[in-house]
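Engineer: Sequence:
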Amino acid sequence: MPPPRRKVLATAEDTLFPPDELSPGQEIARVIKATGNNIYSIELPSKETALVELPSKFRSTIWMKRGSFVVIDTNALEGRDNKLRGEIVNIVRDEKAWRKMAFWPKEFVRQPVMGSDDEDESNVGKMPSSDESDGY
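Residue numbers are given in UniProt numbering: position 109 of the sequence shown equals residue 109, and the series is strictly consecutive.
What the hints contain is simulated information worked out from the structure, not anything from laboratory work.
Worth double-checking, as some hints may not be accurate.
Distance windows between CB atoms, simulated [what the hints assert, rightly or not]:
(1) Ala102 x Asp81: 28 to 38 Å
(2) Lys106 x Pro4: 32 to 42 Å
(3) Pro4 x Pro24: 11 to 21 Å
(4) Asp14 x Lys100: 17 to 27 Å
C-beta: ideal position from N, C-alpha, C; glycine also.
Starting from the given sequences, assemble the full structure and let the hints guide the process.
Structural biologist: The following block contains the structure:
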């Protein structure tokens with residue numbers, strides 16, 4: 001049975017805007033892949049990888065893809081003896097707004113979509129001239 005619509009909308013609204021500051025023990029991380037059963041492999045700004053758990057309020061509500069960013073709480077699972085490093089407490093949806101915040105890690109720089117070569121950008125969308133064609 002799907003969650004009630006008001007809970008889905010409330011959860012989605014909570015993740016839309018970044019907080020003013022992160023609590024102690026919270027970090028921004030990049031999602032590497034889903035490893036199964038609501039467990040995700042993430043990359044921390046220090047390039048270290050870890051496993052984190054997706055809490056039930058986000059399950060079947062907000063979808064994450066590889067390369068998206070999340071806020072993890074490393075204090076959430078203290079006292080449990082397992083491989084999990086923390087719990088996802090927020091999902092970055094408006095990345096542009098989040099990147100403007102002071103707590104955004106400098107290690108997560110924006111990657112260009114295409115190569116930065118001027119030569120490549122100048123040829124985008126152009127048809128090859130007669131001397132550049134393959135002869136077919």
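Engineer: I'd like to know which numbered hints this structure contradicts. Please list them from smallest to largest.
Structural biologist: Structure breaks hint 3 only.
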